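Q: Residue 1 is where the sequence shown starts when you use UniProt numbering, and the numbers rise one by one after that.
Any given hint might turn out to be false.
Taking CB as the label site, the calculated pair distances span [to be verified]: (1) 185 with 73: 31 to 39 angstroms; (2) 120 with 74: 17 to 25 angstroms; (3) 73 with 156: 19 to 27 angstroms; (4) 120 with 70: 27 to 35 angstroms; (5) 99 with 199: 35 to 43 angstroms; (6) 149 with 200: 37 to 45 angstroms.
Taking lysine-lysine pairs in the DSSO-like style, the calculated list, with each CA pair at most 30 angstroms apart, reads [to be verified]: (7) 120 with 178; (8) 188 with 150; (9) 120 with 188; (10) 120 with 150; (11) 178 with 150; (12) 128 with 188; (13) 98 with 122; (14) 150 with 98; (15) 98 with 66; (16) 66 with 188; (17) 122 with 178; (18) 188 with 98; (19) 128 with 66; (20) 178 with 188; (21) 98 with 120; (22) 122 with 150; (23) 178 with 66; (24) 188 with 122; (25) 128 with 98; (26) 66 with 122.
Calculated directly from the structure, the hints in this document are not laboratory data.
Note that the structure is a prediction, hence the values are computed from the model and not measured.
Yeah, the Cβ is synthetic: ideal placement off N, Cα and C, and Gly gets one too.
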Amino acid sequence: MKNGNIANGIHRRQVGSSIGDRNEHLYKILVIGELGTGKTSIIKRYVHQFFSQHYRATIGVDFALKVLNWDTNTVIRLQLWDIAGQERFGNMTRVYYKEAVGAFIVFDVTRAQTFDCISKWKNDLDTKVTLPNGSPIPTVLLANKCDQPKEGLVNSPARMDDYCREGGYAGWFETSAKENINIDEATKFLVSQILSNEQSGLMMTESLDREKFALDSNGYETAKKEEKGCKC
């Protein structure tokens, strides 16, 4: 696992309330990248500690909710937006990206062509959602399926560090949804970037309608159609 050291600010939408003596925050995080890179698997592993070889291809967008007891004074609710790889750079991504506080861009280490596409995803993200001062939201690159043989630049951690530094990524992690490698660590790192920027006064505070998204009993809402056949 490798991390860059770029501390980006973020634009956020938060629940600025407290529960007793505890502060509660809600952060919207995007999970984007090419079709079949494992975005759904990463979210399912993180939220439900579950992995399957036979997820259906996401069409449109899904939502998942994860509650973190960050410390004794802070509760963080992460709203993870699982955006379909085939959405690519269409007009709807502007709607999906709106008010995001951070992002993961996922590529498949076994398919170098998915790495070649991440700069396009990053550029699309940076043009559609920014901090109030115009800076990009913090983005972490996930080199997924690291339990399998790797292709391309990911075989050189030093070059990956340089790539992330030059590309404006907060950092990068090798991950595996199948083996549960570095998913918790990557998320904690991204949340720490969000909190750091909050402490620096770079984040906007807004109220959030807690009933905007009707999550099911597992904390996962389906807002899409599905197709069979994708091993995400």
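Q: Which of the numbered hints are not met once you compare them with the structure shown?
A: When the structure is compared with the hints, numbers 1, 2, 3, 5 and 14 turn out to be violated.
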